[in-house]
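**Q** Using the hints provided, position chain B relative to the given structure of chain A.
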Amino acid sequence: MAAGEAFSFLAQQRLDEAVGDFERRTGLAASVYVGATVGDVEAFADACIQRIPEHREGLVLIVVDPGRRRTVVRTAGPAVHRLPESACALAVLSMTTSFGVGDLVGGIVLGLRMLTDATSPPPAPGHHFPPPVTARR
Amino acid sequence: MLTVPLGLSLALPAAALADDLPGHAAPLGVADGLLIFLVIPVGVFFVVALLTLRPWASSSSQRYRPGRDWSAEPSWTGARPAGELTEGAATDADGKVLLPHTAGGRHAPVMAGTPHQEHARSQEEHDAAARQAEGEAAPPTASPRPPTETGGASGSW
Chain A
-14 MAAGEAFSFL AQQRLDEAVG DFERRTGLAA SVYVGATVGD VEAFADACIQ
36 RIPEHREGLV LIVVDPGRRR TVVRTAGPAV HRLPESACAL AVLSMTTSFG
86 VGDLVGGIVL GLRMLTDATS PPPAPGHHFP PPVTARR
Chain B
384 MLTVPLGLSL ALPAAALADD LPGHAAPLGV ADGLLIFLVI PVGVFFVVAL
434 LTLRPWASSS SQRYRPGRDW SAEPSWTGAR PAGELTEGAA TDADGKVLLP
484 HTAGGRHAPV MAGTPHQEHA RSQEEHDAAA RQAEGEAAPP TASPRPPTET
534 GGASGSW
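For the record, the sequence lines run as chains A and B. According to the numbering used here, the first sequence holds residues -14 to 122 in order. According to the numbering used here, the second sequence holds residues 384 to 540 in order.
Here chain A stands alone, though its shape is the one from the complex (with noise of 0.2 Å):
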């Protein structure tokens, strides 16, 4: 293993069964970015999320940035209207507290079985989704 890596090889696989566990149950795509960030980190949460190409079929990205101590939970596509902003906030809770003592892996997987439990099951085929009540941005 190169040197400068973000994780160790167990703390890797522990990420990936994690980020696997929910798109298994849930149906949806996820992503999990952790590293540097300059500028607004939800902004630059904004423009990955966008280049991701499984975001119009619904996706969960978390960015962490643990050099500044920010983390952005971003949803796109289905995703938006099967896991509720509340949702996310709470999952987004759980993680900076796991961070705030120095467990990232812990955060993280966390976070996503949370998300992974609050995502409500897909619509049936033909359903239309009432536009989001929300007021951010």
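FRET-style restraints, in silico, Cβ to Cβ: (1) B/Asp452 <-> A/Pro108: 40 to 46 Å; (2) A/Leu(-5) <-> B/Ala414: 41 to 47 Å; (3) B/Ala414 <-> A/Asp88: 47 to 53 Å; (4) B/Ala465 <-> A/Asp6: 22 to 28 Å; (5) A/Phe(-6) <-> B/Leu411: 44 to 50 Å; (6) B/Leu411 <-> A/Gly52: 57 to 63 Å; (7) A/Gly5 <-> B/Gly426: 43 to 49 Å; (8) B/Gly426 <-> A/Gly24: 53 to 59 Å; (9) A/Thr82 <-> B/Glu532: 24 to 30 Å; (10) A/Thr82 <-> B/Ile423: 42 to 48 Å; (11) A/Glu2 <-> B/Arg448: 23 to 29 Å; (12) A/Arg98 <-> B/Gly416: 55 to 61 Å; (13) A/Thr82 <-> B/Ser454: 23 to 29 Å; (14) A/Pro38 <-> B/Leu433: 45 to 51 Å.
By construction, these hints were calculated from the structure, which means they are not laboratory data. Idealized CB from N, CA, C, for every residue including glycine.
**A** Chain B in isolation, oriented as in the chain A frame:
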């Protein structure tokens, strides 16, 4: 006052008796004593210290400590941005956002275009303003797909 002579009088016959008992081991030599009471404990101490500190494993991954800088390479798990992010960074169509590449490296994303892109964009804006002032219609531009609706939450620690 009587305890020392009494103790000696009791201990000496007992020691003499112990030497006479069948199967009693010879007294411990200096070399054996050093081995048992000095070399072995010190060896155990160093083995445990080596296993705890593990100098060969310290550089394999970075441990996060809140408040310290994070200098590890950017890490993507699961889905990741599309493929042109391999040159260290990539820009949006209008040069607004540079993203970290996905194949490792220490490049931090930059939320601005290069000076050349900034100049080209400002030139385009200037031309568009001039055309509007002259009453011309703006030239048709390629209509990109609208951005997908997003939601979510953020926090800090």
